[in-house]
Each structure stands twice: as structure tokens, then as C-alpha cells.
Amino acid sequence: MATIKHTLVALVENKPGVLNRVASLFRRRGFNIESITVGQSETPNVSRMTIVVDGTNTSVEQVRKQLDKLIETVKVTDITSDNIVLRELALIKVKATSANRSEIIQVVDIFRANIVDVSTDSLTVEVTGDEDKLNSLLNLLHTFGIKEMCRTGRIAMTRGNINEMGRRMSKQPESPES
Amino acid sequence: MTMKMTGGQILLDGLVKEGVDTIFGILGGAILPLYDTLPQFPQLHHVLVRHEQCAAHAAEGYARATGKVGVCFATSGPGATNLVTGIANAHLDSSPIVAITGQVARRFIGKDAFQEIDITGITLPITKHNYLVRDAASLAKILKEAFYIARTGRPGPVLVDVPKDVFNEQVEYHSPGKIDLTSYKTPLKGHPAQIQKAAALINGAQRPLIIAGRGVIISEASLELKELAERAQIPVVTTLLGLGSFPESHVLSYRWLGMHGMAYANMAVNTADLIIAIGMRFDDRATSEVNTFAPNASIIHIDIDPAEIGKNVRVDVPIVGDAKAVLTPLNKLVQPAQRMGWLQQLDEWRREHPSTDIRDSASVLPQYAIHQTYEATNGEATIVTGVGQNQMWAAQYYLYNRPNSFISSGGLGTMGFGLPASVGVKMGRPDLTVWCIDGDGSFQMTLHELATIVQEKLAIKIAIMNNGYLGMVRQWQELFHGKRYVATPLWGPDYVKLAEAYGIPGVRVRRREEVIPAIQQAMAYDGPFLIDFGIEPEENVYPIVPPGASLSEYLEIPEKEVAWQR
Ligand SMILES: Cc1ncc(C[n+]2csc(CCOP(=O)(O)OP(=O)(O)O)c2C)c(N)n1
Ligand SMILES: [Mg+2]
Numbered sequence: 371m372a373t374i375k376h377t378l379v380a381l382v383e384n385k386p387g388v389l390n391r392v393a394s395l396f397r398r399r400g401f402n403i404e405s406i407t408v409g410q411s412e413t414p415n416v417s418r419m420t421i422v423v424d425g426t427n428t429s430v431e432q433v434r435k436q437l438d439k440l441i442e443t444v445k446v447t448d449i450t451s452d453n454i455v456l457r458e459l460a461l462i463k464v465k466a467t468s469a470n471r472s473e474i475i476q477v478v479d480i481f482r483a484n485i486v487d488v489s490t491d492s493l494t495v496e497v498t499g500d501e502d503k504l505n506s507l508l509n510l511l512h513t514f515g516i517k518e519m520c521r522t523g524r525i526a527m528t529r530g531n532i533n534e535m536g537r538r539m540s541k542q543p544e545s546p547e548s
Numbered sequence: 019m020t021m022k023m024t025g026g027q028i029l030l031d032g033l034v035k036e037g038v039d040t041i042f043g044i045l046g047g048a049i050l051p052l053y054d055t056l057p058q059f060p061q062l063h064h065v066l067v068r069h070e071q072c073a074a075h076a077a078e079g080y081a082r083a084t085g086k087v088g089v090c091f092a093t094s095g096p097g098a099t100n101l102v103t104g105i106a107n108a109h110l111d112s113s114p115i116v117a118i119t120g121q122v123a124r125r126f127i128g129k130d131a132f133q134e135i136d137i138t139g140i141t142l143p144i145t146k147h148n149y150l151v152r153d154a155a156s157l158a159k160i161l162k163e164a165f166y167i168a169r170t171g172r173p174g175p176v177l178v179d180v181p182k183d184v185f186n187e188q189v190e191y192h193s194p195g196k197i198d199l200t201s202y203k204t205p206l207k208g209h210p211a212q213i214q215k216a217a218a219l220i221n222g223a224q225r226p227l228i229i230a231g232r233g234v235i236i237s238e239a240s241l242e243l244k245e246l247a248e249r250a251q252i253p254v255v256t257t258l259l260g261l262g263s264f265p266e267s268h269v270l271s272y273r274w275l276g277m278h279g280m281a282y283a284n285m286a287v288n289t290a291d292l293i294i295a296i297g298m299r300f301d302d303r304a305t306s307e308v309n310t311f312a313p314n315a316s317i318i319h320i321d322i323d324p325a326e327i328g329k330n331v332r333v334d335v336p337i338v339g340d341a342k343a344v345l346t347p348l349n350k351l352v353q354p355a356q357r358m359g360w361l362q363q364l365d366e367w368r369r370e371h372p373s374t375d376i377r378d379s380a381s382v383l384p385q386y387a388i389h390q391t392y393e394a395t396n397g398e399a400t401i402v403t404g405v406g407q408n409q410m411w412a413a414q415y416y417l418y419n420r421p422n423s424f425i426s427s428g429g430l431g432t433m434g435f436g437l438p439a440s441v442g443v444k445m446g447r448p449d450l451t452v453w454c455i456d457g458d459g460s461f462q463m464t465l466h467e468l469a470t471i472v473q474e475k476l477a478i479k480i481a482i483m484n485n486g487y488l489g490m491v492r493q494w495q496e497l498f499h500g501k502r503y504v505a506t507p508l509w510g511p512d513y514v515k516l517a518e519a520y521g522i523p524g525v526r527v528r529r530r531e532e533v534i535p536a537i538q539q540a541m542a543y544d545g546p547f548l549i550d551f552g553i554e555p556e557e558n559v560y561p562i563v564p565p566g567a568s569l570s571e572y573l574e575i576p577e578k579e580v581a582w583q584r
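Protein chains in written order, with the numbering used here: chain A, 371 to 548; chain B, 19 to 584.
In case anyone wonders, no lab produced these hints; they're calculated from the structure.
This structure is a prediction, so every number in the text was calculated from the model and none was measured.
Note that the Cβ used here is the ideal one computed from N, Cα and C, for glycine as well.
Where hints are given, some of them may not hold.
Below, in silico cross-link-like pairs of lysine-lysine (DSS-like), each with a Cα-Cα straight-line distance of 25 Å or less [unchecked claim]: (1) B:Lys329 - B:Lys342; (2) B:Lys475 - B:Lys86; (3) B:Lys203 - B:Lys342; (4) A:Lys439 - B:Lys475; (5) B:Lys196 - B:Lys159; (6) B:Lys86 - A:Lys439; (7) B:Lys207 - B:Lys350; (8) B:Lys159 - A:Lys439; (9) A:Lys439 - B:Lys196; (10) B:Lys329 - A:Lys375; (11) A:Lys385 - B:Lys159; (12) B:Lys244 - B:Lys86; (13) A:Lys385 - B:Lys196; (14) A:Lys435 - A:Lys385.
Simulated coverage check for chain A against chain B, where a stretch passes if three residues somewhere in it have a Cβ under 8 Å from a Cβ of chain B [said to hold, decoys possible]: (15) 385 to 395; (16) 427 to 438.
Just chain B, with the same shape it has in the complex (with noise of 0.2 Å):
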């Protein structure tokens, strides 16, 4: 049966077929058909954020606390640029979300008419794919391709730019049927042989390490990579995003590698004899200096995508294909092993360099505060970060057991993405208990996203490390450029009276004794909370591995902390 359906009915009808429950977004003219037609949709809530950059972000935030396709709604134009960051961000971080921008209406397009920008011609580089709709007739069919396109393979990010009058248009409705991509290839299941000479390599190692990266993530890979783990007793490292990939408690895990990484998880790759990274693409903040990048390793790298393969490091067997479907037959080809010798070298450097020590200090130390949100917590909350400083901390600071429970800005590293990410993770999943540790910096590039979280009622806890500075340029300027702190010291608010404001209800935590008290005030609130954490304006982020250096050259906290004096 056929029936006559406009454009935007299309539209929403195939975002419901395709399990969409939430838009974040901000309308205007050329997308206002759309959001006419919402109301005939009642089984999507729309988000009404404060920034488009922030719909993108937010849809993000949704994604990967969902594991679904979010997405975001902008206006032609002014809108659909303000979304570029956020598409960029999604891009490098491989999240799935599908981005619909209104269009001037067909006859104005390429006229420079009022609010015209070529926003597919400007996302071309950031997105996985994109799509400028010619006529509503295709609209069904390109955006079941859309949704597809942005969850399967490697996600990414999937804009569809829809002119104005597409929406209006009433055309005879059909079916999209099964998705016809010829041309667009998944390579899913890993290669026999290479899967056969990867577990080759694994039964010969003497100190073979694992690095896990979001790739394990996305593929829900856990429990395999948990079985190769446990059965031939190989350590884990993960990448900054793959934090959550493997329990961070588990005693074959050695956390975190790269520029603020373990120490000892940087020791391990470089004594490591083989290394197995999967779905991880050997990101610089990783591996550091890349020709010196574990220099007695042989390499076998497990992606999806063939383009990561080689493209940073020399391997020795690629397999390319999804992380459960290779570790599946690689786990039963792996014999089972001890490792005593190399598992206790491991353990002798985390005793030596434990890397996450937290001194003695009156005031408030941003490690400290961390910390103790953790206890508090139970290690059971989903972290949202800002970038810089606060974002090193949060990932050092609070173990990760969980897939997703680290949602930061890793490849693009955009300041302003914890606030509005937290948005997307909170409407996403209701039942997890958020906190988005931010930096002032970051925390001021998108405050405005409070207004949402009071709009949506979102109980999300904001915990500011309030440090008076750009933290981590300032931590550059100290340490490679003589303490120079040009346009770093940044001045903010009052962030109690500015969530006061907004109707959130926040304490001020000066002190290490209020800080317990203040994360308790917090919990018990049912709502939104903001701590604004006063700390060490000056505290540094270590270990650090210096630019250019290899990861064995981490500089560690300096033995005597000076006292800090404000």
C-alpha cells in the first residue's frame, strides 16, 4: 500500500523505524517544516540545547552511552556550522551520529541566499558520509543508508542536509527496502591465516602485552578480550579511550598507556616482545615518539578499518575485521600460559612507579577530589570530562571497570564537550549516576548547556577543577616554555552563584575537609549539582612523556613538591 507523505514525515517516520527516541537540536527557518511535523511524532523527544555544537556533542554524549545512533537537528546556515566541532569530534572518535541540516529551499540553492552555506561541502573531511537530499522521493532510502553508514564498520558521524522545501514536498511513500551499498565494504570477520599466525605469535611470546583500545568498545569485545587476557595470562594496557575496555581493577590490568599514562604501562610496552593492539589506531598521544614505540616488539594489529593498518607503526600481522569476531577464533587458538616472571616485573615497576600518588595537602588537590568521587561512587559512576588537566586527572584518578564509563574527547580534544556530552549520556541513560569532572576553562566554553540540564530535569553532577587557569597550557608553559604563562591565567565567575542562577543548587570546596562532605551533598541531591573545586592552581599532571620523547622518558612527580602559595 502506498500513501501520500511530505518530506518531513518521511524524515521522523524513518527516524522512529530506526529506533530514535531523542534529538538534541536548535531550529530555525530552514529546518522549521521539520519541527512543524514533530508533534504528529510523539515517540521523539527533542532536546532543546543552547548551542548546536552541543546537539552534536550531546548526540555523541548519547551515542556511545547507548551503544545507539544519536542525533542532532541544526538550521541551515549559522546552524549548521555552530555543528562542525561537534561533527569533527565524532569523527575522530568514531562515534555513530546522524546529523540532519535544513537547507535553503532547492531554487535558492548556490545563490548565496539567505542563511545558504554548503555544509557537505564543508564536512566533507569530518564526516564518514554525507548527503545533500535532491527530492523527498530519496529521503527514506538516504537515511536508512545514513543510519547504516554511521553504526556499521568504524562509526562516524553522517550528515544529511535536507533543503527546506524537501520537507514540504508530498510524494508517494515507499519503502526504503534493504540497503543497497555496493560500493561500501565491512570487512567483519578477520582472516584465517592471520588469525593463525597471530596466535602463533602469542604462544611463542615471553612477555607478549595487550593494548586495548575504543575499537574493543564499539565491537562489545570485553568478555573475549578478558578470556585471551586470563587464558595466556597477558597484561592489559588501554588507550586513553578504550579506558573501560577491560576492569581496570582486574590484576592483569596495568591501565592506561601514553603521554599521561602509567609509568609502568609505558615501561611495558617498551620491554614488551610482542604486542597485541586492538581496536586501537597508535594515536601520537599513545605511542609518543612512533620510531621509538616498542623497539623489541613484534606487532599485531586487530581493526576494522584496513586505512589504520600500517598507517603509524610497522606491524607484523594485521588482521583486519571486528574485534569480537577476531578475538572469537583467536581465543581458541591461544594456549592457555603463565607468566610469572614478566607479570612480576610488572607489578615490581607499579610498586616503584605507582604514578598515581596523592600527597599531603590542606588545600584541595584535584587528584584528592577525584579520588574520592571515586570512593564515593563505588567506581560505579560514568565520568564525563572537559579537556586538559582535569581530563588527565579524571582518567588517572577514578578506575574505569565498565565499557563506557570514560566519555572524553580524545582525538579532537575539544574543550566544552563534558557539559553538553553529559547531556546526551544523561537522556540517554537515566539509570546511570553522571558526573562530568570539567576543567574552568572547558567548563566556560558551554556553561549555557546548563539551562538544558535544568529544562530536562538531568540529574548530572558537575564537579569543576577550578584551578585559574588553562591547566594544561600552563603546564606546557612552565615546563617547555620558561614558565611563561602568556593567556593562560583565566578568570571565572562565582560557578555557585552562576548554577544558582540557573536554579542548581552547588557548594564551594576549599579545603581537603570539605571535599568528602561536599561529593556526599552532591549524591543526596536529586537533581543537578555543581562543586566548584578550588585547587592547586598550579598542580601539574604526571607522568608526562615530554613531545618527541619515547615513552620511557615520562617525567614523574617531582620528589619534593614544592608548598604551593596562592
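Extracted from the complex, chain A is given alone in its bound form (with noise of 0.2 Å):
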């Protein structure tokens, strides 16, 4: 079967090692975390992880289930095939001369990115958007040679009126698993 990437929402309970316990069990299950993002969900004490992996459909669905049984996590979504927003954070450190230091700007404001760090041989971008953008945007700076490159990984919402945390609440705990 085909394996494809997928986007995974979790909600967890604010503890210590909860990030372990994810980690952990996609390590044992075989998978190969892509990316991984925890940080503040709008309920207190709940944060909320994002996860890409590689798999298939059903095996993803196995961890999802697997990681469901944790017993912080609150509720676990897999939203790839859903309409959602994905976005990247990524700081790109790119060498800059006076020569091609306006150049590098031009390219910069196409992709909307932002300087916000310059020294006399580098230039500090920030840019936000989907995967695409993003690696479209570091192709071109390849060119001009990248010193130093850090990117969030990817995080994820569905459009529209859904809430993961809605969600679970109008999902019974006993519906059937198919």
C-alpha cells in the first residue's frame, strides 16, 4: 500500500514526559516522526502537538489509535484528508554581500518573507507559509549560500467551524472503529 504523509492533532494534558510517551511510541510502532510541534492549545493545561508522518493509511490509523490510549493524551486526529490550514515557520541565515544584498531583498519580498536580522555578511529571513513556500523560498537563497537554517515543522488547523476538542465531544466514546 501507498504510503503517504500525514498531518496528526494531538491534544495532550500538560504534564511532564507527555512529549516522551508520544515520541516514544511512534518510535516503537516503527514510524518515522517527520516533524513535531507542541506548544499552548485554547484550553488551559491542554497543548496541542502536531505531527507529520509517512505511512499508510491503516498504519497511521493503528498509532492513532495506539496513541489515543495514552492516558494524557485527550483526543488524537488525523486531519490529512480534511480542508485545513498548514503552516512553517522557518529563520534562514543567508550570505550576504553589498553586491547582492539588495537582490537577496527582491526575493525576500516576493515570498512576503522578513529581514529581521542583518550583519555586514548575512542577512536574518524569516518566512511563514506551507511547505511549498517555504522550500520554494530556500531554493532561490541557495544560490547566495545559507549559513545557518532553522524551521519550526508544520502545524496545523482545520477551516471552519470544527475545534479538535469539539470534536471529540461529539464523538461517542463507544462508536464503532471502521
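Build the complex from these two chains, which are given one at a time in their own frames, with help from the hints.
Encoded structure:
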């Protein structure tokens, strides 16, 4: 079966060791996490994780259920096939000389990215968007030389009137799993 | 009213409130303050084992025999790491135990202090949940949660790691109040629409078959299972750990399936047009090659753990719920039926492939020894086993009619489980007749528990199937590795003298006619007793489904067993 990239959203209690439990579960079930982000959610004491993994639909569904079983997870949803907003942020430190500085700034402008730091031989660019946008910008900046880069990994949210907590509330715990 | 209590007092008070009466453990520096508090709680009986692995196994034996949560204690570092195998065993067999470990004092955590080990990290993948306690004030609540998590839903082990200074910390005692685990869901009732679908499938089936697992026992759903089977005349097979969930003497019982299961049970699986799997998880030892499992059947899968549904086999009607809670409404929808043809077919297979023949032999055959134990105990004993051939023979040649009468390490297959688990069973249920049927290799892994047996005066009967081999592995070498017996020949001590050194009487049995008198002697003795059955060294377990084969491709006892010579 073909593997595709899945986006899972996990709402977890904000307790020590939760990230470790989640990451360890993926490792144990043989999944490679492409990215994982954690931060606050709209509910106090509940953190929201966005996890991107490769896998077949059935294998990801299996790991989703295993994740859901962790005592401290409130809800895990695979939102891959939903209508979602995806964002990622990157900081990119580009080599810059007085000769090419303005060329870099032009590229950055086209991508509606920002310059957040300037030094004699570099520019630091902040860019937000989906992965395609980040990848295209990176491609262009590579020609100037990249000194340092960091990406946050994907965060994601379903469009429209759904919230992950609410989704849980409307779902009966004993509903069939198929 | 509030009062000051130490962490140790809060913990032991919590155990008492959870109904604990027995604790298995070994102490050490980090847990010493807790032990120091023990005399203040005379309701709690502490059983000193000889290795922490056995504390966990004993807690599991206790849990399985009583249906309550088993409890074990260990100190930090090596005490805690010694628990690991026992915890893993409870994890894979869904047994509720709570393990309390001492940890180095809080100010030493993370400093590689003496006997500091990250036991919550180590046990992360083998516990249902675990806790590192940060202060005495949270202990009461954590303990209550630990017991709740261990015994509800799909049961499992929970570990609570308590820093030494937390035991001594004095705090105002606050009752933990109600459990507040918002994100812990235990689906109990099955979805009514799914139950209806299942009933429709059952009512329309020609050749339905129930596969009952340990979930039926945990859920105490044996009566409901019997009602379903009898009402709709559905034959029942069990998994290895499901033994006893349905009486094996029942006309509808076709015993158990899997690698060493009955040929006719495996044929039933392959021929059935509907499988009703209840509280079982399609383990590979039960299904063999999963792609050829039950090729003609639709599958109804009833399990309390949603993650088990669809994990190994395709399922047509999944029902997430507790076995009893699902079977009760399901039984109301299932129509009475006659299935003469199907049952006659199964009976015919059973006649043609009985799978539990015992051949004539002047020497001691394990099958004979175990069958005679069955006869002598009227089938009423609780059998606790080692791992290997002894375990399979114990499962094949004793008939299990009562839930929890077969207590064995299934998922992990832990050699050495038998003796310590017997300790737990006998502690929890002194009224039971407990026989530990062990292998010579398995026995040598935890034989130090003879001391515990003596110290606690436990009338456990120990039957060693002494073949001088790590027999099950030797059998694989014989069948699949060109008879190259690498590292399987196994020297052992004189087990009767060994028992004697512990103050336990015993007998050696080397001839067939000595078998019955030895069993009688063991039963007549009021206390622990050991029988060293010197069995045919190269006796094999049949039937066997070779690894990777379909369940129908079992090998049976070769027509003419050669006469063995020693
Ligand atoms: C702790 C542990 N180590 C190794 C094994 C692998 N193993 C499975 S069965 C077996 C042989 C068991 O020998 P014995 O207890 O004498 O039983 P027999 O098969 O001879 O009846 C071994 C080594 C195991 N299951 N558990
Ligand atoms: Mg042996």
C-alpha cells in the first residue's frame, strides 16, 4: 500500500513527560516522525501537538489509536484529508555581500518574508507559509549560500467551524472503529 | 478534618483503601522509609520474595487468581530494573498490577546518584501508565489513579516511582476525592448498531465459531459466553490465555487453537464462515500466518481496546466494548439455532485428529503425568506453568473448566514465571489447589522462590517436567534446524535434594508406574511438595503448526513414534 504524509493533531494534557510518551510510541511502532511541534492550545493545561508522519492509511490509523490510548492524550485526529490550513515558520541566515544584498531583499519581498537581522556578511530571513512556499524560497536563497537554517515543522488547523476539542465532545466514546 | 501524614503513611493508607492485603517485594535504601512505616498497617501482609522479577510475577499471579490488583514493591536502581520482566509480562497479558518503586531523593534526581535509574523512562513502553511522584501532597491522588488505571478498561501494569524523601515528607492529608481523568476513556458498552449487525451475521451463519480470549475471563463474561454458545449452538475454541473462559468439558468446546492447539480447533477456524472473536487479539501464535487465517469467514471482533481492532486481521463487524457488556444485549438478539451438520463435522475431525493421544510407554511421558494430575485433582486444580513444552503439555493434557484455572505467561513467554506466579496465586487464594507444572529450564530461572514458599508456608505442588533440555527450543532445532542441538542440553541438580535443602519433601519419578503414587503422595502431604518427573528427553509437542504456515498445515504426532533411548 502506498504511503502518504499524514498530519495528526494530538491534544494532550500538559504534564511532564508527555512529549516523551508520544515520541516513544512512534518509535516503538516503527514510525519516523518527520516533524513534531508542541505548544499551548485554547484550553488551559492542554497542549496541542502537530505530528507529521509517513505511512499507509491503516498503519497510521493504528498508531493514532495507540496514541489515543495514552492516558494523557485527550484526543488524536488524523486531519490529512480534511480541509486544513498548514503553516510552518523558518529562520534562514543567508550569506550576503554589499553586491547581492538588494537582490536577496527582492527575493524576500516576493515571498512576503521578513528580514529580521542584518550583519556585515549575512541577512536573517523569517518566512511563514506552507512547506511548498518555504521550499521555493529556500531554493532561491541557496544560490546565495545558506549559513544556518531552522524550521519549526508543520502546524495545522481544520478550516471552518470545527474545533478538535469539540470534535471529541460530539464523538461517542463507544462508536465503532471502522 | 485534616491531619498531618507522611508520604509513606499516605501511600500505605491508600493501599488499604484500595483493598490491598498482600504486597510482594524486596526492600533497599530508597524504599526503606516506606517499609519502616509498614508495621503501622497490620492489614498489609508483606511477602519477601528472593528476586524482584518474582515480586512482579507473584503480584500478577495474585491478580489473576483474585481478580484484584496485585501489588509489588522494589527499591531504586537494581530493584526497579529487576521488576522489568515481570512488568512486561503483566503488560502483554493485560494483568492489573501496581508496582511501587523507591527512587533516590528529589535533590539527587538526574545526578546519577547511587542506585538512581530512570525507571519511569525504562518502563514507558511496558506499562499502561507510570508516575514519578514529585511531592507527598500528590501521592493520595496518584495512587488512586494508578489503581483505577490498572484495573479498568484493558487492565495492565502501572508503576509509581517515589523519591525517598517523599516517603518522609509530612503534609496535610487530603482525601483524593473522585478520580478525575478526563482524557482516559474506557469504552464499555458496545455500539447498539454494531451489536445488531453482529447478531444478523450470527443468525445468518452456517458455520459460526467463537474464539474466546482472556478478555472473557477479565470481564467475567463466562456465563454470557455460555449462553451465546448454547442458545445459537455455536462451537467454542479459546486462545491459550482464554483457557477456562468456557468449560473444556462442554459439548460445544473444541478446546484451543493456535500453534500447539488442537488440530480440529484449527480446522474449525479454517472452515468457519463466521468468526466471533471475543476478548482476544489475534496474536501470531494463535493465528499463525495471518494472511491465510480463517479464509472463509467474516469476522466479528469484540474487544475493549480499540487499538486491537483491525491491528492484525481484517474485521467485518468491530465492537469496541467490555465482553460482558456486549454479550448481554447481543444474546437477546441472537436466535436459537440447530447446527447439526457443522457440529457433526467438528466431531468427526476430533475423532480423526484427537491431538491428545497418549501412547504406551514404560518410561514417564509428560502427557501421561499431566493427564494423571488432571485425574487425581478431579480437574479442579489451578495450574500455573513455566514456558516451553511443559506449558503446552499442561495446556493440552489438563482440561480447564473454570476461569483462571490456567495461569501462564502467554504474550511474553517468560521462563521462570511459574514458581513465583504460583506464590501469588496461593497467597491470593489459599483455598485453591495449586500445581506448578514447570520445565527444568524454567524452574532453574526462579527456583529461589522455594524459599518464599517455605517462609510463607504455601502448599504449592511443583511438578518438574525434567527432560534435560531447553525442550521447546530443542524441538525447533530438531524440526527446523537439522537436529543441531546447540546450547539446549541442560544440566540440572538433583531437584529432590534441592527441595530437601529448602525443607520441601519430594520424589523422583522415572517409571510410568511411579507416576500415580507420586501424585497421590504430593496431594496427601499438607504443604509444598516437589515431583521430579524424569520424562522422555526428546518428546515433542504435537500438533505443531510450523512458523509461517496456515493453521490447517499442522504436523501431528508421527504415526510410529520411535522408541527413545537414553
Ligand atoms: C526468559 C526466557 N529466556 C529464553 C526463552 C526462550 N525459550 C522458550 S522455551 C525455552 C525452553 C524452556 O525450557 P524448559 O523450561 O526446560 O521447558 P521445556 O520446553 O523443556 O518443557 C526457551 C529457552 C524464554 N521463553 N524466556
Ligand atoms: Mg526442559
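Here is what the structure says about each hint:
no.	hint	in the structure
1	B:Lys329 - B:Lys342	holds (22 Å)
2	B:Lys475 - B:Lys86	holds (22 Å)
3	B:Lys203 - B:Lys342	holds (18 Å)
4	A:Lys439 - B:Lys475	violated (41 Å)
5	B:Lys196 - B:Lys159	holds (9 Å)
6	B:Lys86 - A:Lys439	holds (22 Å)
7	B:Lys207 - B:Lys350	holds (15 Å)
8	B:Lys159 - A:Lys439	holds (21 Å)
9	A:Lys439 - B:Lys196	holds (21 Å)
10	B:Lys329 - A:Lys375	holds (20 Å)
11	A:Lys385 - B:Lys159	holds (15 Å)
12	B:Lys244 - B:Lys86	holds (24 Å)
13	A:Lys385 - B:Lys196	holds (20 Å)
14	A:Lys435 - A:Lys385	holds (20 Å)
15	385 to 395	holds (count 6)
16	427 to 438	holds (count 6)
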